[in-house]
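Kindly generate the complete structure, drawing on both the sequences and the hints.
Read left to right, the sequence shown gives residues -29 to -1, 1 to 495 (mature numbering (1 follows the signal peptide of the UniProt record, and there is no 0)).
The set of hints was computed from the structure by calculation and includes no laboratory data.
Note that beta-carbon positions come from the ideal geometry of N, C-alpha and C, so glycine has one too.
Possibly wrong hints are sitting among the right ones.
Label-pair restraints from in silico Cβ distances [said to hold, decoys possible]:
1) Asn207 to Asp418: 21 to 27 Å
2) Lys237 to Glu275: 45 to 51 Å
3) Asn304 to Asn483: 37 to 43 Å
4) Asp418 to Gly345: 44 to 50 Å
5) Arg26 to Gln141: 18 to 24 Å
6) Leu179 to Gly363: 52 to 58 Å
7) Asn304 to Leu179: 45 to 51 Å
8) Gly30 to Gln141: 43 to 49 Å
9) Ser422 to Arg311: 46 to 52 Å
10) His29 to Arg170: 25 to 31 Å
11) Gly30 to Gly203: 34 to 40 Å
12) Gly357 to Gly306: 24 to 30 Å
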Amino acid sequence: MGVRRHPPQCRHWVHLLPLLLLLCASALSAASGAFDYADALAKSLLYFESQRSGRLPHGQRVAWRDHSGLTDGLEQGVDLVGGYYDAGDHVKFGLPMAFTVTMLSWSVIEYRDEIDAAGELAHALEAIKWGTDYFVKAHTSPNVLWAEVGDGDTDHYCWQRPEDMTTSRQAYRVDESNPGSDLAGETAAAMAAASIVFRRSNPHYAHLLLHHAQELFEFGDRHRGKYDGSVGVVKNYYASVSGYKDELLWAALWLHRATDKEDYLKYAIDKAGCFGGIGWAMSEFSWDVKYAGLQLLASQLLLEGKHRDHAHVLEQYRSKAEHYLCSCLDKNNNGTNVERTPGGLLYVRQWNNMQYVSSAAFLLTVYSDILSRGNRKLHCPQGTLGPEEILGFARSQVDYILGSNPLKMSYLVGFGPRYPTRVHHRGASIVSYRESKGFIGCTQGYDSWYSSPGPNPNVLVGALVGGPDCQDNFQDERGNYMQTEACTYNTAPLVGVLARLLRLQDREADPNGKASLLASYKRK
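What follows is the structure, given as structure tokens:
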């Protein structure tokens, strides 16, 4: 199984060996009839290297990528080199990038030991730091945050490799006169969560991130407004439909977790009602809508026996969190449950549905562990479920992703014997720059590569594509962007769930604890 359409020179095979080993491992695990969660975890983290913008490091494992976006911010006199492309294009959108980093960080906070035992902790930390290094650059002063580099309209006009970009790299910012509380809040949440991750291994860096997080939260709270009102070019791509109040509550709870300062918790308590924290009962959790996530964070404080003086409000947060969880588990009343496909996949909407599946699986997994630690159960209107049942449902969603579905298709690219090969992704769909450095123009890519009926020459390993429709149907076509485009925030929550499932698989293989699959995955 190869990565490129054309045979590379011998020197290229050294770079391809790790990727080939990962692809072979997943094919073998699929043939054995059991999903290899360690392999899926490794591939998920590898995906973020495919999405890197900027000057790639010496240890870059995705060999078909090269440096790109090296002049980002130059026109505005600021260094905005780095960060992530969100999906199959080359715009750096701040809001989904920040949510990606928040979810990667939360995954490590909850399941650090499992990720470490699988030999993937260093890669997870690299994935987080690639994002937070960019956020440090983008936060150029207390009340200025650069929100976006490039714009979707001009970017989507071209089909080019990131290394050949000729599209606009104009940068856009939010500031005191042009507020963006949602963007500032999510970036604060990402940096606060990441500060917890790096507290042990890099305390100086953790302190730097926390400083930026606190300044960004103050900026977002003091100068309130939706970022898409200040950065108009983002409206057709990542409009802030939910507004900024959820991000401010989300940021406050992450800052409380990072600092243990009462002021941040008091903010989330005092504004629980007017900001919708205890008012909105949600059925989705995403880069735009954070309510279910922040409600779970608040619930965790209550269930762990902390801050009993705020128990009344925290209990209301818990009620809304459990409404979301029960809706995913099909245990609510009055038609408020999340729909499912005939094959059992959670189905929220047509475009990129898998983002809602992976984020739901993550929240269900984390809550099952919270309940398990307190020897509690989840009481829904249509039944009571224990932690094992909740985790079991989260596992069913991941297993569907990995190939336990009517089409026997893995929607995690590069995993298993059958996965999407025509992913809607500019870089993956065009011959690698390292293999062929000849310039590919803006529309030349559409003529020569986008319209090609063949598979992509580069495998976008670890990408979680948009997935099937409401009837479990899927068309593996490059132009079918609703189903075949992948996004960083699809894969990020999956990292934590896969790590937790690896521990579950370990226990199932050895219920008496005499041996350890996790230990066997540990790299020396």
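Comparing the hints with the structure gives:
The beta-carbon spacing between asparagine 207 and aspartate 418, approximately 25 Å, falls within the hinted interval of 21 to 27 Å. Between lysine 237 and glutamate 275 the beta carbons are some 18 Å apart, a value that contradicts the proposed interval 45 to 51 Å. Restraint check, asparagine 304 to asparagine 483: a C-beta distance of roughly 42 Å satisfies the suggested window 37 to 43 Å. One distance hint, 44 to 50 Å for the beta-carbon pair aspartate 418 and glycine 345, is violated here, with the actual separation near 60 Å.
At roughly 20 Å, the beta-carbon separation of arginine 26 and glutamine 141 lies within the given 18 to 24 Å, and the hint holds. Restraint check, leucine 179 to glycine 363: a C-beta distance of roughly 41 Å breaks the suggested window 52 to 58 Å. At roughly 48 Å, the beta carbons of asparagine 304 and leucine 179 sit within the given window of 45 to 51 Å. The hinted window of 43 to 49 Å between glycine 30 and glutamine 141 is violated, with their beta carbons roughly 31 Å apart.
The supplied range of 46 to 52 Å is broken by serine 422 and arginine 311, whose beta-carbon atoms lie about 35 Å from each other. Taken as a hint, the range 25 to 31 Å holds for the pair histidine 29 and arginine 170, whose Cβ atoms sit roughly 26 Å apart. Between glycine 30 and glycine 203 the beta carbons are some 39 Å apart, a value that agrees with the proposed interval 34 to 40 Å. Here the CB-CB span from glycine 357 to glycine 306 is close to 25 Å, well matched to the stated 24 to 30 Å.
Of the numbered hints listed earlier, those contradicted by the structure are 2, 4, 6, 8, 9.
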